[in-house]
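Visitor: Chains as they are written, first to last, in our numbering: chain A, 397 to 602; chain B, 397 to 602.
I should point out that these hints are in silico values taken from the structure, not numbers from a laboratory. One or more hints might be untrue.
If chains are identical, the list can't say which one is meant, so a pair holds when it fits in one copy or spans any two.
List of simulated lysine-lysine pairs, DSS-like, C-alpha gap at most 27 Å [stated by the list, open to error]:
{"id": "1", "residue 1": "LYS509", "residue 2": "LYS464"}
{"id": "2", "residue 1": "LYS425", "residue 2": "LYS573"}
{"id": "3", "residue 1": "LYS573", "residue 2": "LYS430"}
{"id": "4", "residue 1": "LYS430", "residue 2": "LYS482"}
{"id": "5", "residue 1": "LYS482", "residue 2": "LYS524"}
{"id": "6", "residue 1": "LYS464", "residue 2": "LYS425"}
There are 2 protein chains.
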Amino acid sequence: MAHSRGNLFILSAPSGAGKSSLINALLTKYNDMKVSVSHTTRSPRPGEENGVHYHFVTVDEFKALIAKDDFFEWAQVFDNYYGTSKQAIEEQLAAGIDVFLDIDWQGAQQVRKLVADVETIFILPPSKAELESRLNSRGQDSAEVIAGRMAQAQSETSHYNEYDYVVVNDDFATALKEIETIVLAKRLSLQSQAIRHQDLLVDLLR
Amino acid sequence: MAHSRGNLFILSAPSGAGKSSLINALLTKYNDMKVSVSHTTRSPRPGEENGVHYHFVTVDEFKALIAKDDFFEWAQVFDNYYGTSKQAIEEQLAAGIDVFLDIDWQGAQQVRKLVADVETIFILPPSKAELESRLNSRGQDSAEVIAGRMAQAQSETSHYNEYDYVVVNDDFATALKEIETIVLAKRLSLQSQAIRHQDLLVDLLR
Numbered sequence: 397m398a399h400s401r402g403n404l405f406i407l408s409a410p411s412g413a414g415k416s417s418l419i420n421a422l423l424t425k426y427n428d429m430k431v432s433v434s435h436t437t438r439s440p441r442p443g444e445e446n447g448v449h450y451h452f453v454t455v456d457e458f459k460a461l462i463a464k465d466d467f468f469e470w471a472q473v474f475d476n477y478y479g480t481s482k483q484a485i486e487e488q489l490a491a492g493i494d495v496f497l498d499i500d501w502q503g504a505q506q507v508r509k510l511v512a513d514v515e516t517i518f519i520l521p522p523s524k525a526e527l528e529s530r531l532n533s534r535g536q537d538s539a540e541v542i543a544g545r546m547a548q549a550q551s552e553t554s555h556y557n558e559y560d561y562v563v564v565n566d567d568f569a570t571a572l573k574e575i576e577t578i579v580l581a582k583r584l585s586l587q588s589q590a591i592r593h594q595d596l597l598v599d600l601l602r
Numbered sequence: 397m398a399h400s401r402g403n404l405f406i407l408s409a410p411s412g413a414g415k416s417s418l419i420n421a422l423l424t425k426y427n428d429m430k431v432s433v434s435h436t437t438r439s440p441r442p443g444e445e446n447g448v449h450y451h452f453v454t455v456d457e458f459k460a461l462i463a464k465d466d467f468f469e470w471a472q473v474f475d476n477y478y479g480t481s482k483q484a485i486e487e488q489l490a491a492g493i494d495v496f497l498d499i500d501w502q503g504a505q506q507v508r509k510l511v512a513d514v515e516t517i518f519i520l521p522p523s524k525a526e527l528e529s530r531l532n533s534r535g536q537d538s539a540e541v542i543a544g545r546m547a548q549a550q551s552e553t554s555h556y557n558e559y560d561y562v563v564v565n566d567d568f569a570t571a572l573k574e575i576e577t578i579v580l581a582k583r584l585s586l587q588s589q590a591i592r593h594q595d596l597l598v599d600l601l602r
């Protein structure tokens, strides 16, 4: 069987919906699924590694990459820049790897304009109360910061209807299975299967 | 949770690809998936029941239904008519049931023109040799009939690229899982989830 080109997915969610944990669980299970590593100008948090969690760059370096049109999408969120390298994603897709873009609704809008064949998934928390509890349980932030995050989460959530798929992260295993289902279904699309099974199609149609 | 409207699927395949067995296995597993029962003017085969496998009608009865615009799609194949009742499908979809149309490429073309939101799946046999072996193993037909069926299978297969998804029925359990994946992914689409989780969305956005 020929290997088919990978598929591009966007995963967005309000903070606290559990998106990162879901993506990590999926990457652990499948070695042909990867998450895009973004560039950012913000400072690394404890435990974050350059090149693994983000490519950490200065504002000047980031602006130089914008000038070179090296970003698939980029955004300024508060005082920091975030962007997704075009070249790295293209190489992974060509190698047959499914690539997840872990970006917000603004990034998703930019990518949709550039790429016709992208499947977009929005992840929701199971309730407002649970979301607030999850944001509190980090135990690192003040009530004011949490209130700000709740407002930010609501703003992000208001864009759910721009996405192809919606997954509710109530039970983690169920939500994981659902994202997996969406990704695996895409592999069965005509476009992918026609390449994967080209020898069979020649055999059947000769 | 509110129940969402069911989704409509078309499953087509050359004779011998194993489509009927796959559909039957799926219906056994899920009570909210049904296959549309078609009308036909052909004679029942041994074991076929009226209203279960087909609605068996006369040519005059069939033509009267065409005149009443009671068919979603209909076709003449060789000397026989086959058609799909609009009303029965609409009732099932409204009840939240996923409905499979087991029709050929001509029927699929007609349905696509009438319904924007239909997912179409084409099932392939694993090889030409295996297809011929499957068509022979029925042991009811002459070599000439089998050769005719192979030609018919090739003609049907040539339309695979009109479908959204392609599934290869090499290993039955795998093919079954793949069709299931396509159907379950569709249930996670924005359109279905926005209805199913409308209370949650109100909660998160209030």
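Visitor: It remains to establish, for every hint, whether it holds in the given structure.
Guide: We went through each hint and held it up to the structure:
For the identical chains of this complex, LYS509 and LYS464 are intra-copy neighbours only, at 19 Å inside a copy versus 45 Å across copies, given an alpha-carbon limit of 27 Å. For the identical chains of this complex, LYS425 and LYS573 are neighbours both inside a copy (11 Å) and across copies (18 Å), given an alpha-carbon limit of 27 Å. Proximity of LYS573 and LYS430 under a CA criterion of 27 Å is satisfied in both settings, with 17 Å inside one chain copy and 23 Å between copies. When the C-alpha separation of LYS430 and LYS482 is checked against a cutoff of 27 Å, the pair qualifies only within one copy, where the shortest distance is 15 Å, while the shortest distance between copies is 44 Å.
Proximity of LYS482 to LYS524 under the C-alpha cut-off of 27 Å is found in neither arrangement, the shortest distances being 35 Å within a copy and 41 Å between copies. Proximity of LYS464 and LYS425 under a CA criterion of 27 Å is satisfied in neither setting, with 36 Å inside one chain copy and 54 Å between copies.
Of the hints listed earlier, those the structure fails to meet are numbers 5, 6, in rising order.
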